[in-house]
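Asks: Chains as they are written, first to last, in this note's numbering: chain A, 1 to 440; chain B, 1 to 163.
Just so you know, the hints here were simulated from the structure itself, not pulled from any lab data. Computed from a prediction, not measured in an experiment: that's the story for all the values here.
Partial list, derived from the structure: chain B residues whose beta carbon lies under 8 angstroms from chain A:
(1) A46
(2) P57
(3) A79
(4) F155
Lysine-lysine pairs mimicking DSS-like chemistry, simulated, CA-CA at most 27 angstroms apart:
(5) A:K339 to B:K85
(6) A:K434 to A:K63
(7) A:K63 to A:K142
(8) B:K83 to A:K339
(9) B:K142 to A:K235
(10) B:K142 to B:K127
Anything over 10 angstroms on all C-beta distances counts as not near chain B; from chain A, calculated:
(11) R103
(12) R150
(13) S263
(14) M278
(15) E305
(16) Q391
Don't be surprised by glycine CBs; every beta carbon is placed ideally from N, CA and C.
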Amino acid sequence: MPYDQNLSMDQLVQSDRVHKACYADDDIFEQELENIFYKSWIYMGHESQVPNPGDYWTTWIGKQRMILSRGDDGQVHVLYNRCPHRGALLCNAQHGNAGKAFRCPYHAWQFHMDGSVRQIPMKQGYDGTADVLQDAEFAMKKAERYDTYRGFVFASLSEDGPDLLTWLGQGAKAAFDDICNRSPEGEVEVVPNCFRIIQKSNWKIFLENQLDALHPSITHHSTGDAAAEMQKVYKERTGEDAPMGYQMLADFTLPFEKWDSISTYGYEYGHTVLGGYMGLRPRDPVTLDHEAGLAEAYGAERMEEILSTNVHHVLVYPCLSVQPPLQQLRAVRPLAADKTMTEIWHFRLKGAPEGIYERSLAYYYHVNSPSTMVNADDLQNFYSCHEGLRQAGGGDWVSFHRNAGQDITEGGVTTSVTGMSEQPMRNMFAAWKKYMSGGN
Amino acid sequence: MAGGNGTDTQRAVEQFLYRQSEILDGRRWDDWLMLFTEDGKYWMPAHEEQETGEGLPNIFYEDNYLMDMRIRRIEHPYAHSQKPKNQMSHVVSNVIIEEEDDNSVIARSKFVVVEYRNDDQRYFAGKYCHHLIKADDGFRIKLQRVDIVNAEGPFEYVLQFWL
Ligand code: FES
Ligand SMILES: [Fe+2]
Numbered sequence: 001m002p003y004d005q006n007l008s009m010d011q012l013v014q015s016d017r018v019h020k021a022c023y024a025d026d027d028i029f030e031q032e033l034e035n036i037f038y039k040s041w042i043y044m045g046h047e048s049q050v051p052n053p054g055d056y057w058t059t060w061i062g063k064q065r066m067i068l069s070r071g072d073d074g075q076v077h078v079l080y081n082r083c084p085h086r087g088a089l090l091c092n093a094q095h096g097n098a099g100k101a102f103r104c105p106y107h108a109w110q111f112h113m114d115g116s117v118r119q120i121p122m123k124q125g126y127d128g129t130a131d132v133l134q135d136a137e138f139a140m141k142k143a144e145r146y147d148t149y150r151g152f153v154f155a156s157l158s159e160d161g162p163d164l165l166t167w168l169g170q171g172a173k174a175a176f177d178d179i180c181n182r183s184p185e186g187e188v189e190v191v192p193n194c195f196r197i198i199q200k201s202n203w204k205i206f207l208e209n210q211l212d213a214l215h216p217s218i219t220h221h222s223t224g225d226a227a228a229e230m231q232k233v234y235k236e237r238t239g240e241d242a243p244m245g246y247q248m249l250a251d252f253t254l255p256f257e258k259w260d261s262i263s264t265y266g267y268e269y270g271h272t273v274l275g276g277y278m279g280l281r282p283r284d285p286v287t288l289d290h291e292a293g294l295a296e297a298y299g300a301e302r303m304e305e306i307l308s309t310n311v312h313h314v315l316v317y318p319c320l321s322v323q324p325p326l327q328q329l330r331a332v333r334p335l336a337a338d339k340t341m342t343e344i345w346h347f348r349l350k351g352a353p354e355g356i357y358e359r360s361l362a363y364y365y366h367v368n369s370p371s372t373m374v375n376a377d378d379l380q381n382f383y384s385c386h387e388g389l390r391q392a393g394g395g396d397w398v399s400f401h402r403n404a405g406q407d408i409t410e411g412g413v414t415t416s417v418t419g420m421s422e423q424p425m426r427n428m429f430a431a432w433k434k435y436m437s438g439g440n
Numbered sequence: 001m002a003g004g005n006g007t008d009t010q011r012a013v014e015q016f017l018y019r020q021s022e023i024l025d026g027r028r029w030d031d032w033l034m035l036f037t038e039d040g041k042y043w044m045p046a047h048e049e050q051e052t053g054e055g056l057p058n059i060f061y062e063d064n065y066l067m068d069m070r071i072r073r074i075e076h077p078y079a080h081s082q083k084p085k086n087q088m089s090h091v092v093s094n095v096i097i098e099e100e101d102d103n104s105v106i107a108r109s110k111f112v113v114v115e116y117r118n119d120d121q122r123y124f125a126g127k128y129c130h131h132l133i134k135a136d137d138g139f140r141i142k143l144q145r146v147d148i149v150n151a152e153g154p155f156e157y158v159l160q161f162w163l
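Next up, chain A with everything else stripped away, as it sits in the complex:
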C-alpha cells in the first residue's frame, strides 16, 4: 500500500498507536515472515496427531510447507515438505501414514520419517556425480530446530535464538500446563481433524481480537441474546436447564463491568493472557466426578490449585491462541498480508470423565466450527477492519489509546488497570517492533 517509506520503526509503532501499513503493506508482511515467523518458534501440532510410526501431518510456517512426522524409533520430527531431487512436495495430503518411507511421487526417491535418504532408484546414474546416499544435500531438510513441551510440538527455522522453554517463559508455558494438568494423567489427546477457517484479514487482527474484552458484548450481541432467549424457551418447554453450550453463548453479553474486572497479562516475546470469565465449575455430577479424579491423582489441595486457574485465552505470540479450560487452540497461519488461515483443534483430557470432553465439544461446535454463530461476526469484523486499513485515504492510524500510559510492569509482566484496556495489543506490538528491528 502507498505510505511514507521514510517512516522509521519508532514512527510506525508508537506507544499508543500503530500505522496501518503494519497490517496492510505487502513488503511489511514479507518482513514479518523473515523476522518473526521464520525466527520465532511456531506451533506444528500435538504429538497425538502422529501416534504411530509413519504417521504424518502437514502444516505451515509462514509460507513454508512443513511436515510433522513420527519415526520408526518413536521420535517426532519436523521436516520441510520438499523433495531434494527436483523439489516436489513429498506429502500432498493433509495427513496420513507414509508406511516405511516418504516416497516422492515424481521419481520415487524415498526417505525415512526423519528425512534421511532410504533409497534412490537406479542410483548408478549418480556414479561419479554426487554421493546421493550420504550427502546431506540429498536428504529431506529438517526444520532448523524443533522441540516439544508437554506433547505440543514447536519448530523454528532459525538456527539460533532462545530455546523453546526460555521463549515460552512462564506466561506461555502456563497454557500447556493448565490444559494438561486438568487431566488426571497429566496428558491430553487431540480429536482429529482440525477445522480450518480462512480469514480475509491480517493475522494480527485475529490475535488482537482474541484478547479484546471490549468486543464480545458488542460483536456477539445477537448471539448472546439469542442464546439467552433459548435458555428460557428450553426451560419452559422441558422444565430443565438448557445444555451448557447455551450459557457459553449467553456469556458473550455479560455487562461491561464484568469484562472490566478481567485481568490481562503481557509477557516477553509478546505472549499475552486474558483471564477467564466463564463459570466452568458448576456443581454438576460431571464436574464433581472430574474433581474427584483429580483429587485422587494429585491430592485435594493440588486439585483445587489446578481448577482455580482461570484463563480464557493464552496467546503464544505469534502463532497460537490457547483456551486451556476448554481444551482447544487455534494455530495461526499467515498466508498473505490480507489472508490468514486458522487451524482449530480440540483435545480430550486423558482419564477425565466423558462429560468434560462434551463440554469442550460444545464450545468447539458453537464457537469454532464452520457453522459458528460467534466467529461469523468476528470474521466479518476482521475483514472489514482489513478492508478499512488497506485503503490509502481516510487516516493512517490504528488506535491503542484505551488506558494507555497506565500499564504496570513488574518482574517482566505487564498488567492492565482494567480488563478492557488495550494493553494486550500494546504488549504484542512491543514484541513485534523488537522482532522487526532484528531483536528477540
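The hints should help you fit chain B with the ligands onto chain A, whose structure is shown.
Replies: Frame of chain A; chain B with the ligands shown alone:
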C-alpha cells in the same frame, strides 16, 4: 401429498425436497422449523465416514432448539454479518428412494448451492440423505444428513445457516 408407493413416493419426495429448498432460499424460518419432527435433526458431519453425530465434532448438528437459536441470531438487528444478507439458490436433483415402509421413507439426493454475499459468490455441493416420517399433510424430517464435498477443506468464511 402423502407418501404412497413407487412413482407416487418418488414424486412426493421430490416435491418435498423442492419445497424445502424454496423455504431455505426464501428464508422462511417458521416454515423451516415446521419441516422437522419435534426431535428432528439437521446434521452435517465433519467427514464422510462419520456414522453418528453424537459425541463427535460436526459442521452442523442441530435440533429444534439450536435451529431456533440460529434463526433468532440471524434475524437480530445487531447480527452485522447479516448486513448484507446472504442470498442462496439451491438445486436438488438425483433423488433416489432408498427405503420405504408404512411410516417412513429414506431418500438420497444431490444438491448444488450458490451463495451470494458481500459481492462474493461461493459454491457448495454434496448429497442429502433424508429420513422422512409420513404425516397426514406430507412428510416431516427426522434426520437430514448433509455431506458436502469440501467437508474437510479450509472454509472461506463460515456457514451462517443450513445448506
Ligand atoms: S522430484 Fe522427488 S524424486 Fe524427483
Ligand atoms: Fe469475538
